[in-house]
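Trainee: Chain residues, written in single-letter form:
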Amino acid sequence: MSDFNNESPVLAPEGPSEIGKDAWVYTPARRAGRFAKWRNPIGIAGAAIVGFNVLLALFGRFVWTTDPNELVAIRLQPPSWAHPMGTDELGRDTLARIIHGAQVSLQVGMISVSIAFVLGVTLGLLAGFFGGWLDSLLMRFVDLMFALPGLVLAIVIAGMLGPNRRNAMIAIGIVIAPAFARVVRGAVLEVMGFPFVESSRALGASHLRIIVRHVFPNIVAPLIVLVTVYLSTAILSEAALSFLGLGTQPPEASWGGMLNSARSYLDIDPWLSIFPGLAIMVVVLGFNFLGDGLRDILDPRLGPHVAGAGKK
Amino acid sequence: MGGYVLKRILVTIPTLFGISVVIFFMVRLLPGDIVAVLSGADIGNDPELVAQARENLGLNGSYPEQYWRWISGVVQGDLGDSLRNTQPVSEVLLNALPITFELVFLGLLIAVVVGLPLGVLSAVKRDSRHDYAARVGGLIGVSIPNFWLATLLLLFTSRVFGWVPPLTYVPFYEDPIENLSQFILPAIAISVFTLAIVMRMVRATMLEVLGQDYVRTARAKGVRRKVVISRHALRNALIPVVTVVGFEVGILMGGSAIVEIIFGLPGVGNTLINAIFNRDYPVVQGATLLLAFIFIFANLLVDLLYGVLDPRISQE
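First to last, the protein sequences are chains A and B. Every letter in the first sequence is one number past the one before it in my numbering, and letter 4, counting from 1, is 4. Position in the second sequence counted from 1, then plus 312, gives you my numbering.
There may be inaccurate statements among the hints.
What the hints assert, rightly or not - Footprint (simulated), chain A over chain B, 3 or more residues, beta carbon under 8 Å:
| no. | stretch |
| --- | --- |
| 1 | 365-377 |
| 2 | 451-458 |
Unchecked claim - Taking lysine to any residue pairs in the SDA-like style, the calculated list, with each CA pair at most 25 Å apart, reads:
| no. | chain 1 | residue 1 | chain 2 | residue 2 |
| --- | --- | --- | --- | --- |
| 3 | B | Lys319 | A | Trp133 |
| 4 | B | Lys437 | A | Asn40 |
| 5 | B | Lys437 | A | Arg39 |
| 6 | B | Lys319 | A | Asp143 |
In short, the hints are calculated from the structure, not lab data. Think of the CB as a built atom: it goes at the ideal place given N, C-alpha and C, for glycine as much as any other residue.
Please construct the entire structure, taking both the sequences and the accompanying hints into account.
Mentor: As structure tokens, this is what we get:
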């Protein structure tokens, strides 16, 4: 098992790598198949879902102009032409609230993954590049963070900081960061073993130059996959926190919060519980599909990638 | 083997220590003076009362002093008292623990019983329609939020069978049938994620093993395909299943909190979340510590089992 593994194999490899089975046979036919790996139906489906979600978050409110907080109609209506997803317990349009929820989830996903990225990449680079006692110290700390169950940690941090969306994003970012640190450190160690790093150092290159010119370009691929997969984790975690009342606060619409308030009306109006959950699932699925496809394309070595720190 | 077990157990001790320090500081370093929050404005102006409240909470003295007092209590099973009803935290948690254990046990049972055969089938009939369905199903399984699945299950049984699980907890020894009918839906809800992972892991390992030389040799010397699959391949495919299941024990103990809330099960996660909302921070501290310790012990157990299942590991 490589350095990229940790103990949470959320998405296990699909089997012995299809790449490399006959890598030594270089034939014209093979060259023609060079872009074959881009024809990855799961990855493309993921990209389509993610793309649609981004468009929905950015432009949805211009297409469906109903205000998500306005009381527009009779309460608890089933889907109709006027309100394609029905109305909620206060008579607000569910579609408009789902669109607003898409903005919220995308914002939380991007910001919390950015927090994790900055924290994790910094720690991982420091640990992998300088090694020695710094490496031991940082990695012991990362191990400790891994020894705490992710959702519990996120709940405690968000709950103690105070229930609002900003704190939820901080909590999710902190919980995800160790995974980035571990993967980056592993990738850096691998790159540092290559002769070109040694030659560069022999030529008198500074630490910074080696990191920027040699190390970073070589860890971009695993990072892209990691970001994609953890966007799904972050979105799922935000939904969970908002469901618990620890994330986005009502009356603002968020998918998790909508699911929570819909719970009281499960008997009367099941539609209220169906659409927000469906939205979460489809978007998370999109990011997982995309991550799966990107991994095949960018980094077959990555194998079972790390995930799950913030999941569940 | 004995040395390996001892080494693994010894390595766990600093982790436990580190975790307790992290949790200790997590509760203390978060913004806001806990005493002011808890006691409201009425004593805020009286330094004597504030000092008294601090002492009651064990918040007097330096951090090392506080930590020492807390951890020596923890070692003796004393986690302090709940601020809500002065019940000992250890008692609160001991009442909640069996519920969460039962839920997690049932969930993992479902995950393995369903996920294992699906994974084997998927690997044996590689690239068939079933295989493809299982792979996509696996990705859906890791993407569906368990609290939504729980809601859907409730909706399904109430619409189709007109049945809703009882919402007050009944212990297993009092009424097994009532108890199980209460746990079945939440157990299914939390099983799906693990089920999907088990399926994918089994598929991947089976494919790897089926490509090994000894499998080909076995086939070549005339061992029947079925026997090769069950005797040679499946046995090796079980090792990752142990890892996943052990890991998920730790994850699900806290991770089923939301499902516990939906189904009204007073488990550990449910207790933790209530404590957070009540700012009952001895309970928050105790429950987090408990969940972290279970997580660590589950991983330790996995490592030890790994050594038994795969002798190569313990000999390293």
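Trainee: Hint by hint, say whether it matches the structure.
Mentor: Results of checking the hints against the structure:
For the stretch 365-377 of chain B, the stated coverage by chain A is violated: 0 residues have a C-beta nearer than 8 Å to a C-beta of that chain, whereas at least 3 were required. As drawn, the stretch 451-458 of chain B meets chain A at 7 residues by the rule of a beta-carbon pair under 8 Å; at three or more, the given contact holds. With a C-alpha separation of about 22 Å, the suggested pair Lys319 of chain B and Trp133 of chain A falls inside the 25 Å cut-off, and the hint holds. Between Lys437 of chain B and Asn40 of chain A the alpha-carbon distance is near 21 Å, which keeps this suggested pair within the 25 Å criterion.
Restraint check for Lys437 of chain B and Arg39 of chain A: the C-alpha separation of about 23 Å stays at or below 25 Å, so the hint holds. With a C-alpha separation of about 17 Å, the suggested pair Lys319 of chain B and Asp143 of chain A falls inside the 25 Å cut-off, and the hint holds.
Figure legend: structure checked against the earlier numbered hints; the only hint not met is number 1.
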